[in-house]
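*Asks:* As a plain string of letters, each chain reads:
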Amino acid sequence: MAVQTKTKPGAPKSAAPPAIQWDGRTYPYCPPARLNIDPSLRLHSKAAKQLDPVTFEVVRHAMWNVNVEHGNTIMKISGSPICAYGHDFNPCLLDEKGDFVFFGPFLQYLSSPIGSAVKWTMENRSANPGIHDGDIFLTNDPWIGSTHQSDVALFAPVFWKDELFCWVGNSLHQWDLGGTSPGGFNPQAVDVYWESGCIPPIKIVEKGVLRRDLEEEYLRRSRVPQLVALDLRAEMAGCNVARERIRGLLARYGAETVKASMRKLQDDSEKVFVERLRTIPDGTWSEIGWIEMANPQDRHIYRNCVVLTKNGDKLIFSNEGTDPQSGTLNCTTVGWKGAIASMICAQMLFDQMFVVEGAYRHMEFDPTPSTLTCATFPAAVSAAPALTLLQTIALAGIAISKMLACSSDPALRSEVQSCMGAPMYPVAAFSGLDQRGTPFASFLLDPVGAALAGLSWRDGVDTGGWPWDLQSTMPNVEEHELFYPILYLWRRELADSGGAGKFRGGNSAELAFIPHKTDRISFFTATGHCAVPPPSLFGGYPSSTTRYTMRRGAHARDLMATTGKLPDHTNALRGHSEYLAPKSFNVPQEKDDAFMLSWAGAGGYGDPLERDPASVRHDILSGVCTHDWATRVYCIVLDADNNLNAEATAALRADHRRQRCANAPSSPRRTIDAQNARQVQEGLLLAATARGKVLACSKCHTEICAASDNYKLHCASLDLPVTDANPHVLDPHNYIDDEVLFRLYSCPACGLLIQTEILRPGDEPLADLHIEERRAR
Amino acid sequence: MKPSPGTRNSSSTAKAQYYFCGIDIGGTFTDCVVRDNHGRLTIAKALSTPHDSSEGFFNALTAAAEKMGITLTDLLSKTRHLMHGTTLGTNALLERKGAKTGLITTRGHADAIIMMRSVGRSAGLPIHRLHHVSRHQKPDPIVPRSLICEVSERMDWSGEVVLPLNEEETRQAVRHLVDSGVGAIGICFLWGFVNPAHELAVKRIVQQMAPDMYVTCGHELVAKPGEYERIAAVAINCFIGPLMSRYLHKIEEKARDFGYRRPLVIMQASGGVAGAEDVADRPLFTIGSGPAGGLTACGFLAKQLGHRNVLASDVGGTSFDVGLIHEGQPLSTSQSTINQYTFSVPHLDIESIGSGGGSLIWVDERSGTLKVGPESAGSNPGPVCYGHGGQRPTVTDANLVLGYYDPNYFLGGKLTLDKPAAHAALERVGRELGMTAIEAAAGAIRIVEFQMAELMRQMSVQRGLDPREFVVYSYGGAAGAHAATYARELGVTTVVVPLGSTASTWSALGVQAADLIHVYEKAELMIAPFNAARINEIFSALEKKGRAQLRKDGIASKDIFLERHVEMKFKLQIHLVEVPVREGKLTARHLAALQNDFVEKYERTHGRGSAFTGAGTEIGLFRVVARGRMERPAVSEYQRQHTAKAVQSRSVYWPQKNGFRNTPIYDASSLKAGHVVRGPAIIQMPETTLVVPPFAHGGFDKFGNIVLRLTD
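Order-wise, the sequence lines are chains B and F. In this text, residue positions in the first sequence follow my numbering: the first is 1, and each later residue adds one. In this text, residue positions in the second sequence follow my numbering: the first is 778, and each later residue adds one.
Do not take every clue at face value.
Taking lysine-lysine pairs in the DSS-like style, the calculated list, with each CA pair at most 27 Å apart, reads [to be verified]: (1) F:Lys1001 / F:Lys1378; (2) F:Lys1362 / F:Lys1321; (3) F:Lys1479 / F:Lys1080; (4) B:Lys565 / F:Lys980; (5) F:Lys980 / F:Lys1027; (6) B:Lys207 / B:Lys271; (7) B:Lys203 / B:Lys161; (8) F:Lys1027 / F:Lys874; (9) F:Lys822 / F:Lys1479; (10) F:Lys1434 / B:Lys49; (11) F:Lys1191 / F:Lys1148; (12) B:Lys517 / F:Lys1348; (13) F:Lys1001 / B:Lys517; (14) F:Lys1299 / B:Lys517; (15) F:Lys822 / F:Lys1027; (16) F:Lys1031 / F:Lys822; (17) B:Lys49 / F:Lys1148; (18) F:Lys1191 / F:Lys1449; (19) F:Lys855 / F:Lys1434; (20) F:Lys844 / F:Lys1449; (21) F:Lys1348 / B:Lys271.
No lab work stands behind these hints, which were simulated from the structure alone.
Put together the whole structure using the sequences plus the hints.
*Replies:* Right, here's the structure in full:
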């Protein structure tokens, strides 16, 4: 069985634990191992025993194309920029039990919700109103089958001779489904009742006929009912096209052959997934990220944790250590699972057409309820995709990377990557009167030009988008200027915004615009990582933070008139900078103000002092990295002609490493025999010694601690202000009252930077690596 | 001269008064097709000469002249149009062997081409590479940051000057680029296509400071919003410009030496030709012109045969290309992706997958399945049966062992195929799956034909078209082996293998069948109700340009055709629909009708109920296609050298009959027009082999095309 959820022993931790019903009402729906389906619904489960490899290849290709055509149909009919540019949709094909066969190449985190919606529907709708040929169901309920209320899933059973053969479904983000704020997200929401309403699965199409009563009920809530009606038709048409094409395959190849092909796809993906798991020792890996401000008045930070345990052929994900649900920061477990699965696909199923079921069969989810990532009804959840879900994708990617770093398979280790860029979406919604005098309201799509992380073998991709959206596409400046009353002063990659490292993270970008042919624009914002940078990997440095700036009194237009020059950086403008909070609303931009936005780059991988000086020099000359930051973080010395001074560089680096070791614990130094060791992190070896398994520095082979210990406690640690993590990080007190610091964990002997961490004074260092000794191979 | 089966010899006694020559340079061969004023075709080939393509160009022409028994000077001095298709620009870009290029752009926006809208990391990747995120990477920049200069200037979307051009900064920028040794300078400002004043001012400064510099402005190439796609177009144009203009001048000069007096014309990706002088300024338009030649040839033939809807498929060694002709018009699109760069240029809409004769047949060990492509054996080592050292079996090897190809009559016997080696290679692959060599071969053919059919299906369905209403045209070396089966998979009932003997020089035929085409565009956002006066003003300005250019090209007024189109969309929606606009002065009544036409076409393309009429309608782009009709005698009827009915037979595998059957083999030269061959059968030609499965019958028509009818 696929997605299972267990309750932690002893959780929840309150005195009198109420019995938890994982039924999609108060707590999120978690399908049981065996679905409880009304016997009147007969499932087609018979698969041909023999499947020739040629027919399989032909049917596989055809099923993939069914999915492609399903997606194209939605894009064509919807015509919505949300799917065309934001890719905020995805079609899928599921088997008769609601397990995935194919999932499209668009937003990957939507996968779990649709499967969950189908299973819930089979359990809760098979008796009443029944599931029949020609039906299509609709839901946007985040506790059942959606990431947030704006993502509406439609899914249809495909019948073959009175038996439910399979399901086709899709999910598409809607412009507006009502609630206290246009677009559905209100940064001030205290609970779900402030947001668009939740619709548990309803049968919107009955035996081929759209139910007029339900359609009107659905559209009545929206501020733009015509657009929502169009998108509803697009989603319906997608289901219909996919269903008819599947029926064509059944007629041509036989239901049992097609079913056998579905099973084989899932089985093949599972086989590869398990093979890959078997190259990894059992153990536990984890990552944490911080989110600031639960609402516009709040000045605190909250912790989001992803803990990954591998036990034999199982991967168990938990959110242990995640803070209680709060304000607008929450997501449900339905979305959380999809967030995790999207990185499993990217990092472990890249050659399996993302057939996620192969992995789901070996994944368990063990969330603690009433936390940021397992919200209990009626918590506010509409901001989940922009905030907690995106951050969870980033954290899951790092936790998975930490696990893959322990694999004996070099191909799998080449998937190890630091933190993706823009790990929370910088929502900058703006509204007012456009240059033609008509009202407009929209949000900036520029930050989809996120950045790809530093890998274990190469740098990240500057403005390379996200790993969970394979074709992230930024709008052109001209497209924005044509439709909105703004004039960009600049939009460019932001040097140094990617985290430093042996392999640096990709740089993100920054933009600035002034109002143009309008008097005033109003903003609201929602994001995180403004005060606290995202994490990074294996000694890599964090990226920049996200920053919204309103330059009051910038007078860009006057400057142009008087100097004949286009101001192209902040200091070329007049006035003063006002940093907007990561949750704010109704912030005006007046005629002479400039609005600026830069978003978090991607994290670095490995100790920056291990970076090839020639690459650093290249980065400086190509404008990717500033000379100043390169001197500080990479300790590079160039002469007046920009030639590398290798000797001075080496000396500066050596000096820097010595400084890192200043606080090293004064335990006796022993080195291990590297022949008996395997790499488990960029900077750590796991070695067998007479004293048992130990962790040692990968550079100088000095033993650091017993394998069972938290190595960070035995490293030389150095606390720095968080503003030292990246030149674009502002003093966190601009946003929050909590203290945070940036800590380096280095080899006590040679000063190799093994890991970095952002934490509050007094926090225990995160134990992010634990390998089960008995199973380590 | 002994007439070969491919020589058209009707009116063979009539003397030719003048000629049309099409030359197409491919990777291996340079093809030449000469048509005389009676419609007679002569085909010749020469080896391509990559070190200097102009050599192959004239060798092919000389070979054609020799075939016709005249001198090159005789030929060229009587040539009305010397027409040329070249992939020189495409190759220079792919191999990164172009000019060192500098760019000048609006201050604050130098990174547009560096960022590539983010999607540059994966644009155009096939699905198996798209899924592998950790391998996504942007290509090395065509222009490095150090050669992109920003200058102060600013227009807004309406063309209003927000900040005048700063000439001092401009001079500094030009000085920097010249000192850096660039060979070309591109100028592309935000909104420069709405108001080109600043781009033109910079161009003048460049021409003053560096008179011999190759210069391109954004507005000269692209006239629509989207600064990334426009600056990418400028950068690519500059990168290949100096090389292409040198090459074209060289050919023109040499042709003049042999008596050719008119302008050389060059194939563009739009499916039309343009004068060499024009192309030297805008070589970008030749990128993708190779496949466009093939589709243009189909359009030319389809007109003659009365086929309104054609699915044109080119089955080559490494790829399978598909284009569509709908209602007599080849379908176009306006964005191209090459090397992960996306640029805006109107061109024929042709999609491609890695399925062809050279596609490798292999086993995915993890899933235990048989796979075909996308990797190809290429021309080196090529299929196993070529005996050039290839060890891994290909589709060509499968066709051979199944009896579709004659080992002694491949490429007319120029290459003897090693059937035992192909068999052994397929046996090795089959063994991993418990299959015989024959089963593996038959399976691979089934898979590859299915892939081909699926691409054609997707292409038609995505554009709101039903493939069953189309005729399939199939050309390229491997076309004949698969056409009938993939066409039947689509529910198509007629397959044409055009002009059998010219199938291998099809692009060259297309080059000399093309019209002169110039496309003029003007982007301006208009919201309904539309302003008729402004629209009339825009169209007449565009038409004036088109007419002037065609006159300059030497086209007589009676041969000038101007087509008007607008791109329309619903507000809040993204789909642009191209709607034709009537000629003459437009009134409010016409514009109301235009809105109806838009809604109708929108629903036809995007599905019934998809029109969001409540949102309001917008026009974003005005387009005039200026077409200069080239004189084009129809292809003459084909008097086949008819020999006695020479039928052989051999054992051929037919999946419909579950095995090998003794099958009649026809030599094409034995077939008269109208002679019906019933499947199963094989028709052999020197250039290609046509498989006639049991569900098909057909033969040559009077023009020398093979036409197959398919039944259930």
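*Asks:* For each hint, tell me whether it holds in the structure or not.
*Replies:* Hint-by-hint comparison with the structure:
| no. | hint | in the structure |
| --- | --- | --- |
| 1 | F:Lys1001 / F:Lys1378 | holds, 22 Å |
| 2 | F:Lys1362 / F:Lys1321 | holds, 14 Å |
| 3 | F:Lys1479 / F:Lys1080 | holds, 15 Å |
| 4 | B:Lys565 / F:Lys980 | holds, 20 Å |
| 5 | F:Lys980 / F:Lys1027 | holds, 26 Å |
| 6 | B:Lys207 / B:Lys271 | violated, 38 Å |
| 7 | B:Lys203 / B:Lys161 | holds, 21 Å |
| 8 | F:Lys1027 / F:Lys874 | holds, 19 Å |
| 9 | F:Lys822 / F:Lys1479 | holds, 25 Å |
| 10 | F:Lys1434 / B:Lys49 | holds, 25 Å |
| 11 | F:Lys1191 / F:Lys1148 | violated, 30 Å |
| 12 | B:Lys517 / F:Lys1348 | holds, 20 Å |
| 13 | F:Lys1001 / B:Lys517 | holds, 21 Å |
| 14 | F:Lys1299 / B:Lys517 | holds, 23 Å |
| 15 | F:Lys822 / F:Lys1027 | holds, 21 Å |
| 16 | F:Lys1031 / F:Lys822 | holds, 19 Å |
| 17 | B:Lys49 / F:Lys1148 | holds, 21 Å |
| 18 | F:Lys1191 / F:Lys1449 | holds, 25 Å |
| 19 | F:Lys855 / F:Lys1434 | violated, 55 Å |
| 20 | F:Lys844 / F:Lys1449 | holds, 24 Å |
| 21 | F:Lys1348 / B:Lys271 | violated, 48 Å |
Checked against the numbered hints above, the structure breaks hints 6, 11, 19, 21 and satisfies the rest.
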